[in-house]
Amino acid sequence: MNHDAYPDNYIRAILNSVKSIAMVGASPVNVRPSYFAFKYLAQRGYDMIPVNPGHVGKELLGKPFVASLSDIGHPIDMVDIFRNSSHILPVVEEALTLDPLPKVIWMQLGARDDVAAAKAESVGIKVVMNRCPKIEYGRLSSEISWMGVNSRTLSSKRPPAPTQGMRLSLNRMSVGGGDTAASDRAAKNKTEQS
Amino acid sequence: MSDRLPGFSTLAVHAGAQPDPTTGARATPIYQTTSFVFNDADHAASLFGLQAFGNIYTRIGNPTNAVLEERVAALEGGTAALAVASGHAAQVVVLQQLMQPGDEFIAARKLYGGSINQFTHAFKSFGWNVVWADPDDIASFERAVTPRTKAIFIESIANPGGSITDIEAISTVARKAGVPLIVDNTLASPYLIRPIDHGADIVVHSLTKFLGGHGNSLGGIIVDAGTFDWSTGGKYPMLSEPRPEYHGIKLQETFGNFAFAIACRVLGLRDLGPALSPFNAFMILTGIETLPLRMQRHCDNAKAVAEFLAGHPAVASVSYAGLPTDKYNRLARKYAPKGAGAVFTFSLKGGYDAGVRLVSKLQLFSHLANVGDTRSLVIHPASTTHSQLDDAAKIKSGAGPDVVRLSIGIEDKEDLIADLEQALGA
Numbered sequence: 005m006n007h008d009a010y011p012d013n014y015i016r017a018i019l020n021s022v023k024s025i026a027m028v029g030a031s032p033v034n035v036r037p038s039y040f041a042f043k044y045l046a047q048r049g050y051d052m053i054p055v056n057p058g059h060v061g062k063e064l065l066g067k068p069f070v071a072s073l074s075d076i077g078h079p080i081d082m083v084d085i086f087r088n089s090s091h092i093l094p095v096v097e098e099a100l101t102l103d104p105l106p107k108v109i110w111m112q113l114g115a116r117d118d119v120a121a122a123k124a125e126s127v128g129i130k131v132v133m134n135r136c137p138k139i140e141y142g143r144l145s146s147e148i149s150w151m152g153v154n155s156r157t158l159s160s161k162r163p164p165a166p167t168q169g170m171r172l173s174l175n176r177m178s179v180g181g182g183d184t185a186a187s188d189r190a191a192k193n194k195t196e197q198s
Numbered sequence: 004m005s006d007r008l009p010g011f012s013t014l015a016v017h018a019g020a021q022p023d024p025t026t027g028a029r030a031t032p033i034y035q036t037t038s039f040v041f042n043d044a045d046h047a048a049s050l051f052g053l054q055a056f057g058n059i060y061t062r063i064g065n066p067t068n069a070v071l072e073e074r075v076a077a078l079e080g081g082t083a084a085l086a087v088a089s090g091h092a093a094q095v096v097v098l099q100q101l102m103q104p105g106d107e108f109i110a111a112r113k114l115y116g117g118s119i120n121q122f123t124h125a126f127k128s129f130g131w132n133v134v135w136a137d138p139d140d141i142a143s144f145e146r147a148v149t150p151r152t153k154a155i156f157i158e159s160i161a162n163p164g165g166s167i168t169d170i171e172a173i174s175t176v177a178r179k180a181g182v183p184l185i186v187d188n189t190l191a192s193p194y195l196i197r198p199i200d201h202g203a204d205i206v207v208h209s210l211t212k213f214l215g216g217h218g219n220s221l222g223g224i225i226v227d228a229g230t231f232d233w234s235t236g237g238k239y240p241m242l243s244e245p246r247p248e249y250h251g252i253k254l255q256e257t258f259g260n261f262a263f264a265i266a267c268r269v270l271g272l273r274d275l276g277p278a279l280s281p282f283n284a285f286m287i288l289t290g291i292e293t294l295p296l297r298m299q300r301h302c303d304n305a306k307a308v309a310e311f312l313a314g315h316p317a318v319a320s321v322s323y324a325g326l327p328t329d330k331y332n333r334l335a336r337k338y339a340p341k342g343a344g345a346v347f348t349f350s351l352k353g354g355y356d357a358g359v360r361l362v363s364k365l366q367l368f369s370h371l372a373n374v375g376d377t378r379s380l381v382i383h384p385a386s387t388t389h390s391q392l393d394d395a396a397k398i399k400s401g402a403g404p405d406v407v408r409l410s411i412g413i414e415d416k417e418d419l420i421a422d423l424e425q426a427l428g429a
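Read top to bottom, the protein sequences are chains F and Y.
Quick note: the first sequence uses our numbering, first residue 5, plus one each step.
Quick note: the second sequence uses our numbering, first residue 4, plus one each step.
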């Protein structure tokens, strides 16, 4: 997988297929990006599991925190890692000990570890890096268009009238790539410099 | 559902718009409302905390305006956009995110006269200091860079003379200085030039001109290219630092490559207030649907008129980058191969008096202070748009006393030439 620019179909297939998401580094602080994403994905119907050893015994939006992936005790479809790039590898290594393996490992906006990604991909796990599942869900459904964001999708179909907490269709026509060419180039240059 | 990139004209019609979920309306409805009902207290809190996508109040966002924003972002190849009340408002909102009192920004000397005024006088009262550079001398931008420089501002096609700016060369200076390049793309429109493809980090427009295109609605827009890293060195605290307005959110960390557009919305538009009317957004959206058709006609007409004027015995010179002999023709062929725009200047051998006579004798051209209308327009910049500049600055910005500016419309070119011919006659 080219991790500089994901085809929309790759992201769409992931978001359309996974049901349970363990979020490593989920924060109960309501201005942290992980809290935003956790809440949004839970509202869109994903079974969210907050993973953070510092908050065991507490709940995040009604879901009990667990200390680590191995404490979850049931199969999960996706691991969403809200940690800096330097803390990614141990989380991925732990994910690779799960049985069954997760289908997807997702690293949050700003996080990228190509070595960890290669390890996961070598056992058939799909990897997404430096993206936010909330933003991607909002983009592919075009819900993010409320904020003037370029969803890079088009549709001439009448969508259903939205109701609170409904799953949204992610199957709009894509107009090339997950991001714009210019922003992809900038991200690639930044990766190469670091 | 292949990732096929549709052409510009398809995006001009479709991007951002979809049938209305409630009514099935195919044209984008005008959501003429100040405010939007929340589902419940938690939904309201989520929206105010920037945790959910949705509408609160039209000063912050509106569904009609959002369609316009996404459409222009798509046409420019940006990640997001924010529509505001005018091109001037776009400039204030952009610089508010970048500048602290005492900071500097570098601006090309050749700009719309209103921008020169705004930068020189209004911004000075905010403690934002403009440093002028010459777009024909790239080294002058390099020399102007100081530790307090926060941005570089240029026009892609410069008002009033229609000169073409070497965006790539100036973007190299901006990158080296670690500051964003802001390009005012009003006179080109994304149909002719897409500045982001040439290294711009932020694009601004007066939508009032070619994008709206019909001389009926004011508007402005800010496009985020998603290319600039705001996090380094604490240079741009509006984006990189926890915002007390939002309980400590860091915008770049939360919104990634469209954080600048979000900052403009939630820190700029929300607090400064220059919101675009949804009705104007609708009028401008309708205009954009025909942008590719109109813009090509504007350019083809402008070239024909410029060629006519260049061959007329009463004309001293024509400044139109689309003419092969023009100083900017090389840059026009590189940056704007479909056409060099439709706003340009010429000077008459009879000087100021001949210019005044010409303006008064024209029958089809309207004498007014706007550009980018379906109608052809004429103005004498030295006494109007650029009148607040001193004589030296007028000449430097291409608006000397003998200069007449035209904005060529989409009428039949033969009629425009005939009108100029009769007005230039004795």
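Derived from the structure by calculation, the hints contain no laboratory data.
Check each hint, because a few of them may be wrong.
As the list claims (entries may be wrong) - To give an idea of the interface, some chain Y residues facing chain F are shown, with a C-beta separation under 10 Å as derived from the structure:
1. Ala69
2. Glu72
3. Gln99
4. Gln103
Every residue gets a Cβ at the ideal spot worked out from N, C-alpha and C, and that includes glycine.
For each hint, the structure was consulted:
Restraint check, Ala69 of chain Y versus chain F: the minimum CB separation of about 5 Å is within 10 Å; hint holds. Annotation: Glu72 of chain Y was flagged as interfacial toward chain F, and the flag holds, the nearest CB pair being 3 Å apart, inside 10 Å. Taking 10 Å as the C-beta contact cut-off toward chain F, the hint placing Gln99 of chain Y at the interface is violated, the least distance being around 17 Å. A hinted interface residue such as Gln103 of chain Y counts as satisfied when its beta carbon comes closer than 10 Å to some beta carbon of chain F; here the least separation is about 23 Å, so the hint is violated.
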